[in-house]
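These protein sequence lines map, in sequence, to chains X, W, P and D. Sequential numbering of the first sequence, starting at 1, is according to the numbering used here. Sequential numbering of the second sequence, starting at 222, is according to the numbering used here. Sequential numbering of the third sequence, starting at 623, is according to the numbering used here. Sequential numbering of the fourth sequence, starting at 839, is according to the numbering used here.
Please note: incorrect hints may appear among the correct ones.
Stated by the list, open to error - Not close to chain P: a few residues of chain D, all C-beta gaps over 10 Å, as computed:
no., residue
1, Ala-841
2, Pro-866
3, Ala-883
4, Pro-905
5, Ala-971
6, Val-974
7, Asp-995
8, Ile-1001
As the list claims (entries may be wrong) - What the simulated footprint calls covered on chain X by chain W, stretch by stretch (three residues with Cβ under 8 Å from a Cβ of chain W suffice, anywhere in the stretch; the number is not a length):
no., segment
9, 129–141
10, 205–218
No wet-lab data here; the hints were simulated from the structure. Quick caveat: nothing in here was measured; it's all calculated off a predicted structure. Glycine residues also receive a C-beta, built at the ideal position from the N, C-alpha and C atoms.
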Amino acid sequence: MSPSHDFGIWVAALLTLCVFSFLYRDNPFYKFAEHLFVGVSAGYYIVLNFWTVIVTNLYDPLHTMFVKHQAPFAAQLGDYRAWLFVPGALGVLLFTRLFGKIGWLSRWALATIIGAYAGLKTTGFAQGDLVAQVQASLQPLWTGQIGSSLNAILFTIGLITSLLFFFFSREQKGALGAASRVGIGFLMVSFGAGYGYTVMSRISLLIGRFQFLLHDWLGMK
Amino acid sequence: MTLAGFGGPDVARRLPCPALPVAALAFSVLLASGAAAQTLIPPAPASGLTWSDAPNDAGRSVFLTWRASPDDSSSPARVTGYYIERAETPGGPWALVDSTSRGVTTKEDPTVRRDTDYFYRIAAYGPGGRTEALSITGPVRATSQWMNQTRWSVLVFMVVFFGFVLYYMASAQSGRKPFVRRIAGIDAIEEAIGRATELGRPVLYVPGIQDIDQMETVAGLVILENVAKMTARYETPVRVPVSYPIPFTIAEEMVKSGYLHAGKPDQYDPSSVTFISPEQFAFVAAITGIILRDRPGAHIFMGSFYAESLLLAETGFSTGAIQVAGTAQVAQLPFFVVACDYTLIGEELYAASAYLSGEPKLVGGLKGADMLKVCIIAAILIGCVLETLNIHGFTAWMNTQ
Amino acid sequence: MKREVPLFITAAIGLFMILSFFVPHQVVSVPSDFLQQTAVILVAFGYVLGGANVLKINFDGIYKRKPGWAYKLVLVISLLVTVIVGLAEGRTWQDPHSMSIWIYDHLYAPMNATMFSLLAFFIASAAFRAFRIRTFEAGLLAAAALIVMLGRVPVGDLLTSWLPHGLQLGTIQQWIMDNPQNAAKRAIIMGAAMGVMATGLRVILGIERSYLSGED
Amino acid sequence: MLAWLQKVDRRWIFLWMGLLVLEPLLFPVGFPIRVTRPAQMFADAVASIPDGSTVLMSCDYDPASRPELVPMHKTALRQLWDKHCKVVVTCLWPGGSGIVDETIREVHDEPAYRNLKYGVDWVNLGYKAGNEAVMVLMGQGVAGAFPVDYYNHSTSDYQALPIMRNVRDYSSFPMLVNISAGYPGTKEWVQQVNSRFHLPMVSGCTAVSTPEYYPYLQAGQLRGLLGGMAGAAEYELARKEKLGPATRGMDAQSLAHLFVALCIVLGNIVQRRRTPGSGA
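Full structure from sequences and hints, please.
Here it is, written out as structure tokens:
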């Protein structure tokens, strides 16, 4: 065992322990770490987005246009030149939120973002999560083998009854009620599986932190 | 060495004088390899170069296919691969576009400009030199399409769904309210509030930890109005901690209007809705504090929850209060299901808010989805039968790949 | 101006993005490419705005000496230091030996990771104190949870190694994942997709305006 | 005993959890691992990529998911480099670009890969804001979305980054390898890129999101799926990597899972004894 000589590792280890102290109870060490984390991450996101997007995707192309004295409008794929003033201006408008009276101007920028993502998500979900998923559910119920045929039938029943559980236009009585009872069974099994996988995820994270403390900090291999 | 008439006349075109480049090539091979040319023989040329415009794009590429040189699989290997060359006029100058290894006879050229004529030729090369095909192909032209042919099924699904949604929205607006069944979870909420009243304890309502852009938060706030109506009727105080500023102001409005609708505006306590913090764990710590200090008789969690669902459900459970939860976050549902007396699963949350508010836009969306579900179930049943009977047309139509 | 213009922008851009999904022609694809570039830039501005907002709120708290203002001071100072260092280091701020990367490696990363590892502890105590099998449905959930939890790690096969392969926990776990859970999850995915599409439609048509709420 | 268990302070449970995870990390047991089908499919799909081609690898995670995703990220990178594939790395998580770069450099420092060259055998394009918008934007041109790389070289400067000569849009890649911790991640890549641009993809993701991606696997939208640390361990086994970090974590994982299972069972037994009306 040979503890690390790196000052940074010590800082990281002590902060890790500060966060773990929350398990005992809420305390000043945890609160300190929590606020430090919020501050550093907000600051890091600012720097990151400034250098990797605002400078490279907005400022640089505009700068090049002026330096090379190009015609201001090209509008070919990937070459937008002066058009880039539009996102630049909208981006600045976003900051009017911080100043009460003219805050409504930020909605123009917000509306652009919302519109773009509403369009992208609507088609993305329609193709990837609806059509493709329905298409993949059209499977032969008799495959020639008893085992895989039973699985296919079970899968189809599970899918249809689960869909019927989320059917709100009729009272769930009679056949529909029975189907949705079956559906809830399938849903519960899927939640159970989700529970098991969530447990696995969280424990992995703890293993990772312990590996850091043992190996990187305390130098145990 | 003969040129096969592969493809139509518009595709491959014979050069008026094929002898010239061949002679030039023979000359250059002679110069380059000298005496070694005796043993290293240039490969036989590839032939039959055809092209097709890449479908469903904005004229950004063309596909090229050719027939391999007869020497392609000879041993010792006489062909190393093929060069694809391009020119803007039949006479050149020729520029190398790409190369492939031997055995490969198709290539996409994604470097074309759209609506521009090009001429292509293919050359086989190997240790013994290169041999151009006897013909060039052209004019080749990449063009734009107006409709992506692989996406008709998506378009049909979207049009049908949007049609349903808009129809039911309009019908709800005109007063013919479509039927939506009562969600059992709403009874569970009322029961929980009743229990809290019996115990003489307040009701805790958490509308999720997300901002207003999440639909679940909106649903949670709609349900809050009805919960406030009930607590006003039962004369039981309600506590509503909120994580973001905008949902906070809306939650205040909702509680106020709930008390107003119940005819008890004077009982509204302005301090019942509190703004806490968007920070996940700080928010949880504050709610845990309320749970352990005020000991509410009923906990209602309705909205978007992340990892903190586990902490809320557990702390709430330990006090023995009745708990009702609802979220569409699939990964968090298991924790609510096991620790709460009743859980609204996924769309049930939206359905409950649509049922309670009766708002046309919510009811329309819900009914539209119901109708599409009927269509989907029918499609699955029909599709499965067709697949079992070995008929694949329906499945193929839906394939978007 | 305050409501109509944003509603128009959302509708126009949203419809155009949907159109661009079906129409590959350059008349549509070039402007839609530009709109995506715009969205990327605006989201980046959004992050900067978020940081500025955090500063504003916390400055306020410190100025008014609200409870816990000393912690808020820690937050503000750490935010400002991170930003100043990052901007001062210029375009090469991400080089492996820069100050910014030191802050990232030794402050941001360990705390980010540890915050979420706390959940491992809470999940255990919740399993003990708040996992009640009161109904048949909860029983199904519990059974699936136990099988998957144990079957997914080596110990599951070890515990059932005396059984034939087809009945070992690992095999049953895989069957559950492939069949019943897969079917139900697909139903949930489809339902969620319809929810997103309906919301998208309402946003584009200007029926859903909650994102515009706030002071006028 | 039962009486004590009924009102046990949860900090005792925390302590047990901590000890059970710690113990096998100090004294490994080495439980046998079996490779499941989705993990084998992942390894096979990557193996099916033609040697020497340029592969897109989007690493959408941040340090919070390091223990689950870094091991599989490294194994995937090794498999690709063993096939002489060139790798284009992107990152859509704001907190992720630092750890992603570090992970790649760690693999590069291994003896087998030390002579690979940055800009030739791989390029790290770093982070870009915008989630789905970036994905669709890359479909029109990777360099348009990422004008510079992580180290601030221009992506259209083929002198500094020769690898970019072969990278235009999604048609330049035979496959996308996605390492995903949530949103944006595999779901969005499936919706926006696999569906829209028909780029085959495999996913390595956190265990939390694994069940949600199973329908994509069944539908063929994913060619392979690694779920969490267990998936990473199986992948290490399939690649015959001895004592990888995920494999070493599996002992602790096993004990902790046993403990949680025990908590569920015991909790139900104990609580059943509780007298009604005592606040239960």
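Quick check: which numbered hints come out false for this structure? 4, 5, 6, 10
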